[in-house]
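Peer 1: Taken in sequence, the protein lines are chains A and Y.
Add 8 to a position in the first sequence, counting from 1, and you land on the number used in the numbering used here.
Add 38 to a position in the second sequence, counting from 1, and you land on the number used in the numbering used here.
Hints were generated in silico from the structure; no laboratory data involved.
Think of the CB as a built atom: it goes at the ideal place given N, C-alpha and C, for glycine as much as any other residue.
One or more hints might be untrue.
So these bits of chain Y aren't anywhere near chain A, every CB distance computed over 12 Å [stated by the list, open to error]:
1. D129
2. Q138
3. A239
4. L252
Using 35 Å as the maximum straight-line C-alpha spacing, the simulated DSBU-like pairs for lysine-lysine come out as follows [stated by the list, open to error]:
5. K201(A) x K198(Y)
6. K328(A) x K300(Y)
7. K198(Y) x K91(A)
8. K201(A) x K149(Y)
9. K149(Y) x K159(A)
Here are the chains, one letter per residue:
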Amino acid sequence: MSKILIYATQQEDSLTSGAKEALAFGSRLASATGGSVEAVLVGHSNMSGATEAIACGASKVYTVNNPMLAEYQVELFVDSLLKVFYQSGADVLLLSFDRIGKDLVGRLATSIGASAITEVTDFRTEGTKLTWVRPIYGDKAYGEYSTTRPKVVVGIRKKSQELAVPDSKRTGEIISVDYTVSEEVVLTKLVVKIQSALSDIRLEDAHIIVSGGRGLGGPEGFQDLQSLAELMGGTVGASRAACDAGWVPSNLQVGQTGAVVAPDLYIAVGISGASQHLAGITNAKTVVAINTDSEAPIFKRANLGVIADYKTVIPELTEKLKKVLV
Amino acid sequence: MHIVVCLKHVLDPEITPRYFQINPKTNRPDSGDSDMVLDSFAENALELAIQLRDKTPGATVTAICLGDESSEEVLRRAFAFTANAAVRVWDSEWENLDGQAVGHILAQTIKNLGGAELVLTGYQASDIEEGLVGPVMAEELGIPCLTLVSDLELDDDSVKSTCEAEGGYTVVSVPFPAVFTIISAETNVPRLPKVKDIRLAKSKPITIFEAEDLELDKVRCQPGVILERAFVLNRDVNCEILSGNDGSEMAVELTEKLLALKIL
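If we strip away everything but chain A, and leave its shape as in the complex, we get (with noise of 0.2 Å):
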């Protein structure tokens, strides 16, 4: 009997996919152990996000609502959970581990005294003991874990999850919390944001991708990357070695650190497939990988492997697709 309050993320009065999966996932583990889903929200709008999380199984919404909320600022956010937390009694206080849960799951969970866990893909359940389970080792091997202390947190792997579907039927309480800023808490300050402009579909969430690595030898092979995704209505990535090269702006960052990605097609040129990428691409559904070398990782994980030099392919490639497609 646990109860499990969720910090479910808004962007532009809807929930996040990450906000989603972290409902689907708590109303899957409520069900399995007999206990209740809430959620909480934090920012300034019109707090849309909580009907939206009834409909996806939250029973009890708690909304912060507050000016100073409006942009992510990292101890503000801490404080304001941590409120929310207390309030509520949960005992499992569960989130994205999306760019916000990676500031937020260390910091949350000390304050608390709780254990944390993070990159969370699925639970277990035997009898009454519960393990999480996750990834290890560059997802060469899964760990299941249990928990010493009362109180958890944990964060959820992205794009690990289906996402929770709405139902509009269900009925829920969403509670206003009252927040006073305390401004001694503001330490980090926004400077400057920037959004790139260079590609125009996020990466998480395309379809199709087309990625390049060293192989390319240089950024003039990424300008062929790009028209054959364009032509199929898809985005460049890249692999770390590319980005640190300088060759792409490492937003395109495929992996671990980079994007983690779920395209139904995901091509991948001249990228060796170090763990590290592969951990990036774990749900894509069809990968294709073009290099030269036949031993490179990336034929392990690939559906469709050319073993040939991508400057004989991809332009070839590009001119027969756009006969059919355009």
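With chain A's structure known, arrange chain Y on it following the hints.
Peer 2: Showing chain Y alone in chain A's frame:
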């Protein structure tokens, strides 16, 4: 200015999957010392720490590592990068620490060193990938933490930090002391140490702290999570290698295969 960089000795993430085995008795990978390396984001953090020191008159870099004697290898590497001092923290009773316990011990280690203006760590080590140590240390030390940081620029009493954000990046200003978890970037690609520095690194003294040297909270040294069972997944997919004799034949073949997926 005192810069502390936290390093971790990890199983080489690029170890061939077919040699990767989990020992069911220990739930840990069977590995020899030769399979162990400095975690790559920690190496980016080390590079950035050295660069910041070199731009800041009077600054020093201390590399710290929690681990047994074999992990001194990473501290020697820090010396080869020209770190000023190195500290290894270890106690034979620390068998199954989790990220929170490590964060507590490292925070106490930093206090024992007289504190630091900047504390740098890798953002997530490639073995267990918890991503907890940086934020936990910050909470323990009562100072701010910025995660996924690619670059730092020092002002008089604050640091401008470039952080990865959804769909772009942010520049955030924070007063010191503060903790930063570092990701790889064009600006922090680890250097190739000079032969002279590698040679000098071999004889530099490493300070060793044990549990009794630090003011540790016994409860916080206990892990909050325990690995009950670990199992290797066979993820190998049956890869269909296209049979064409040259790029052009393969392009034709690939076109057909891609169209057959019916998603274009």
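Peer 1: State for each hint whether it applies.
Peer 2: Hints and how they fare:
1. D129: Check passes; 19 Å lies beyond 12 Å.
2. Q138: violated (6 Å)
3. A239: holds (24 Å)
4. L252: holds (17 Å)
5. K201(A) x K198(Y): holds (13 Å)
6. K328(A) x K300(Y): Holds, because 16 Å separates the two Cα atoms, which is no more than 35 Å.
7. K198(Y) x K91(A): holds (29 Å)
8. K201(A) x K149(Y): holds (34 Å)
9. K149(Y) x K159(A): Given pair K149(Y), K159(A) holds - Cα atoms ~28 Å apart, limit 35 Å.
Violation of the numbered hints given earlier is confined to hint 2; every other hint is satisfied by the structure.
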